[in-house]
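A.B. asks: Now for the letters of each chain:
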Amino acid sequence: MVVKTLTGNYAVAYAVKLARVNVVSAYPITPQTTIVEKLSEMIEKGELNARMIRVESEHSALAAVYGAASAGARAFTATSSHGLLYMHEVVWWAAGSRIPLVMAVVTRAIGPPWNIHVDHQDILDQRDSGWIIAVAQENQEVLDLTLQAFKISEDPRVYLPMMVGLDGFILSHTTAPVDIPDQELVDSWLPPRRQPYIIAPESEVVMGNIAPDEDHFMMRYSMAASMEAAKKVIEEVDKEYGEIFGRSYGGLVECYKCEDAEYFVVIMGSWAGDAKKAVDTLREQNIPVGVVRIRFVRPWPREKLLEILSGAKGVLVFDRAVSMGSTGILFSEVAQTLYPLNISLKGLVAGLAGVDVGPSRIEAEILKFIKQAEEGAIYTPTEWILPEKYAGRYPSSPKEVIAK
Amino acid sequence: MTVNIKRIPKKKFLMPGNAACPGCPETMGMRYLKMALGDNFVMVIPAGCSSVIQGIAPRSGIYAPILNIVFAAGASAAAGMKAGFESIGRKDVEVVVWAGDGGTGDIGFQALSGAAERDDDILYICVDNEAYMNTGIQRSSLTPYGAWTTTTWTGKREHKKNIPLIMIAHGVKYVATASVGYPTDFIAKVKKASQIRGFKYIHLLAPCPVGWRFDPALTGEIGQLAVKTGLFPLYEYENGKFQLSPLARRYKDPSNRVPVVEYLKLQGRYKHLINKPEEIKKIEEYIESIWYMIDVLEKAFNPKEEARKLLGSL
Amino acid sequence: MNVNSKPVLEEPKTVFFAPISHPSPGSVGKTGTWRTHKPVVDLDKCTGCLICWLYCPEDTIIRLENDKVSIDYEYCKGCGICAHQCPFDAIQMVPEG
Ligand SMILES: Cc1ncc(C[n+]2csc(CCOP(=O)(O)OP(=O)(O)O)c2C)c(N)n1
Ligand code: SF4
Ligand code: SF4
Ligand code: SF4
Ligand SMILES: [Mg+2]
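Residue numbers (my numbering), protein chains in the order written: chain C, 1 to 404; chain G, 405 to 718; chain S, 719 to 815.
Possibly wrong hints are sitting among the right ones.
If we take Cβ atoms under 10 Å as the criterion, some of the chain G residues that face chain C in the derived model are [stated by the list, open to error]:
| hint | residue |
| --- | --- |
| 1 | Leu569 |
| 2 | Ala592 |
| 3 | Pro663 |
Lysine-lysine pairs mimicking PhoX-like chemistry, simulated, CA-CA at most 25 Å apart [as the list claims (entries may be wrong)]:
| hint | chain 1 | residue 1 | chain 2 | residue 2 |
| --- | --- | --- | --- | --- |
| 4 | C | Lys45 | S | Lys756 |
| 5 | S | Lys724 | G | Lys415 |
| 6 | C | Lys257 | C | Lys277 |
| 7 | S | Lys731 | G | Lys414 |
| 8 | S | Lys756 | S | Lys786 |
These are computed hints drawn from the structure, not numbers from a lab. Every residue gets a Cβ at the ideal spot worked out from N, C-alpha and C, and that includes glycine.
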């Protein structure tokens with residue numbers, strides 16, 4: 001084990017190297033670019049024995065690693081924002097064919113206008129596709145999750161591709177000390193690549209010709225079943241990883257000061273760190289609040305959330321992505337999970353395009369929410385935390401704009 | 405390289421009972437592909453008639469392992485497959501893209517150009533039936549001038565995009581044109597290409613009875629007429645050298661060519677222009693321009709060194 | 719050394735429906751029923767040149783011992799290419815009765 005000061009992007013690259021990936025392909029896009037740059041360097045220096053395909057687009061990048069994976073290789077790609085949207089068609093194709101594959105997504109806003117800063121609009125746009133989707137909070141977790149992604153994706157109970165999200169710039173370009181596990185230890189923990197079939201002369205497998213509608217239907221059903229099975233696999237992998245490498249994160253969700261909490265913040269990604277700071281401050285004032293950090297968006301941790309939140313008085317969801325015409329995306333997931341419970345529920349859309357929110361604002365929002373909830377159960381699907389520049393000039397609910 | 409029909413093994417090269425229309429040029433081509441390559445290859449097939457021809461799972465009508473892939477990703481998925489095989493020590497597996505003219509010259513062109521420029525070790529075959537047949541005969545950039553399609557009801561106004569020439573301009577290892585009308589020529593070209601490492605491109609003309617509106621018994625004959633009229637010259641470009649295929653050489657001389665109306669009149673897609681001399685003239689002029697270009701290519705990429713020197717001194 | 723040089727094919731451990739097929743005849747059934755005309759070979763005229771066999775888009779021409787040919791009527795779609803290409807006029811297209 002070595003501790004190095006690494007950016008989130010380099011942490012991804014080190015994990016890919018430790019997983020002994022055979023084929024890498026990617027196309028540059030800020031803030032993902034330094035992942036491929038680092039991997040190219042590792043390959044050219046002979047530190048990583050892999051093929052690098054320098055494609056002409058992201059559509060081709062994912063198609064290329066998917067082709068390699070179909071032939072039996074462990075393969076990896078990385079992208080962000082418009083690159084991910086450009087891949088979208090292949091994202092679905094890869095999942096539907098049940099070929100294990102790993103992709104890093106450096107989360108970034110979607111244009112127009114051009115913007116390279118963090119939000120979760122890009123990765124959450126993929127949530128119906130059949131990929132396992134996880135999002136990290138910090139650089140160490142980026143490395144650990146990327147490494148685990150190979151084991152989860154290649155587990156015969158799962159056989160679905162997996163994407164690992166890390167927040168643009170906040171993680172991707174910010175350094176932090178990262179433990180890099182020993183290669184021998186990784187080799188003994190991560191088995192050789194497993195997959196359900198390969199497309200090769202001797203296998204005579206044909207992937208993807210037209211199937212009867214009923215069978216097509218059952219393929220979707222079986223993906224859903226594998227997503228359910230993945231929940232257990234994710235917990236297992238998190239636990240054994242902790243035993244071997246000394247770090248566990250709680251599996252599908254991380255609970256922070258949840259045990260005696262009455263109010264909860266649900267949040268995902270790097271700003272969960274800010275939420276934890278806010279909770280620390282509130283705890284000093286004996287306010288019973290905790291943070292539930294969503295680590296996996298797919299499979300959605302329904303059972304676990306119900307277990308944690310069923311005794312809650314209120315749940316406040318922070319969303320860095322919105323489904324236009326509806327609510328924040330995590331909010332709608334949380335709301336449908338908590339539907340049978342009579343809990344105060346509020347969704348806040350904030351931090352789009354990297355607009356800073358910070359611990360003190362989160363703290364204020366929690367206090368406001370608790371006050372509202374104590375006055376009587378509330379259900380507020382969407383409020384927006386507007387950037388300081390515009391706050392006060394516009395109502396926090398888009399609905400009120402029309403009412404005026 | 406010559407191919408003796410009698411020496412081709414007595415075995416199956418296609419699974420009968422597939423979904424191709426009667427007289428389909430694509431299944432003809434698939435048989436020749438397997439005759440040329442034997443068993444050690446995989447196919448990558450982007451959306452098109454060939455996706456449908458396979459028929460209904462769990463059976464497949466094409467006698468080969470296949471990765472079906474989204475429309476635009478034929479070349480990129482194949483490049484990845486090849487790298488995947490190589491990275492696990494299987495350098496011998498041939499990866500073949502089998503894509504339509506739309507999958508090649510339109511939506512898949514970016515990926516094709518990328519793979520060609522990288523010199524990825526794959527064999528790319530464009531099965532050119534001159535329209536989007538799978539979606540019901542819409543024009544592609546490879547539909548020829550004058551042809552009726554369901555998006556060019558009065559005939560396409562632009563000429564066919566010359567993809568093989570664009571591939572030559574990429575400086576790839578091997579480019580050839582072929583026609584299902586001349587099976588052994590195509591088989592020989594596939595065999596030759598499979599022995600070359602790097603990017604190989606073969607453009608296979610595939611007259612489609614459904615989209616071109618002719619009697620399905622004529623698929624082979626129309627494939628021959630395209631060559632005999634001079635519309636579709638057969639040639640090879642290999643490592644910087646260009647040459648007309650032996651059976652096409654005689655059509656360099658216009659007096660040896662079959663008049664193009666003989667080709668046009670067999671096809672319903674040209675019905676509206678068959679009595680318009682000015683339209684026929686346009687097509688004849690196109691043939692002239694094609695052969696002018698062949699002449700230039702022969703001089704520019706001549707196996708004889710003098711011509712190359714000549715060009716160098718210009 | 720690359721420990722991952724060979725993938726392991728392992729059976730999935732959940733309900734598993736994958737979009738997988740294998741080459742086999744009849745992927746849309748017995749296509750012989752599509753025919754309006756059927757090719758009939760005159761073995762006396764047939765020289766065994768195999769031109770028809772080469773051009774048949776369906777692989778439904780059977781090579782006999784001496785390379786003379788017969789037709790697999792279960793799947794032949796009746797396109798008529800074989801009859802059109804035969805240099806010896808040894809195949810006739812006959813309306814299906
Ligand atoms: C992204 C995308 N756009 C459109 C289609 C619909 N589509 C399927 S096949 C096809 C045309 C295929 O034409 P070509 O490549 O010439 O092959 P052919 O069917 O003629 O053999 C189209 C437009 C698709 N499958 N995917
Ligand atoms: S439309 Fe043409 S190319 Fe497509 S399957 Fe039918 S005959 Fe073949
Ligand atoms: S083409 Fe005619 S002569 Fe030749 S094998 Fe076929 S039927 Fe016999
Ligand atoms: S009619 Fe067509 S399908 Fe039938 S044997 Fe002749 S060429 Fe083959
Ligand atoms: Mg076409």
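A.B. asks: Next step is simple, just say for each hint if it's right about the structure.
C.D. replies: Here's how the hints hold up against the structure:
The criterion of a C-beta within 10 Å of any C-beta in chain C is not met by Leu569 (chain G), whose closest approach is roughly 20 Å, and the hint is violated. Taken as an interface hint, Ala592 (chain G) does not check out: its beta carbon lies about 22 Å from the nearest beta carbon of chain C, beyond 10 Å. The criterion of a C-beta within 10 Å of any C-beta in chain C is not met by Pro663 (chain G), whose closest approach is roughly 42 Å, and the hint is violated. Note on Lys45 (chain C) and Lys756 (chain S): the hinted pairing is violated, with a Cα-Cα distance of about 65 Å set against a maximum of 25 Å.
For a cut-off of 25 Å, the pair hint linking Lys724 (chain S) to Lys415 (chain G) is broken: about 32 Å separates their Cα positions. At most 25 Å may separate the alpha-carbon atoms for a hinted pair to count; Lys257 (chain C) and Lys277 (chain C) meet this at roughly 11 Å. Distance restraint check for Lys731 (chain S) and Lys414 (chain G): the Cα-Cα separation of roughly 41 Å exceeds the 25 Å cut-off, and the hinted pair is therefore not satisfied. About 18 Å separates the Cα atoms of Lys756 (chain S) and Lys786 (chain S), which keeps this hinted pair within 25 Å; it holds.
Comparing the model with each earlier hint shows violations of hints 1, 2, 3, 4, 5, 7; every other hint is respected.
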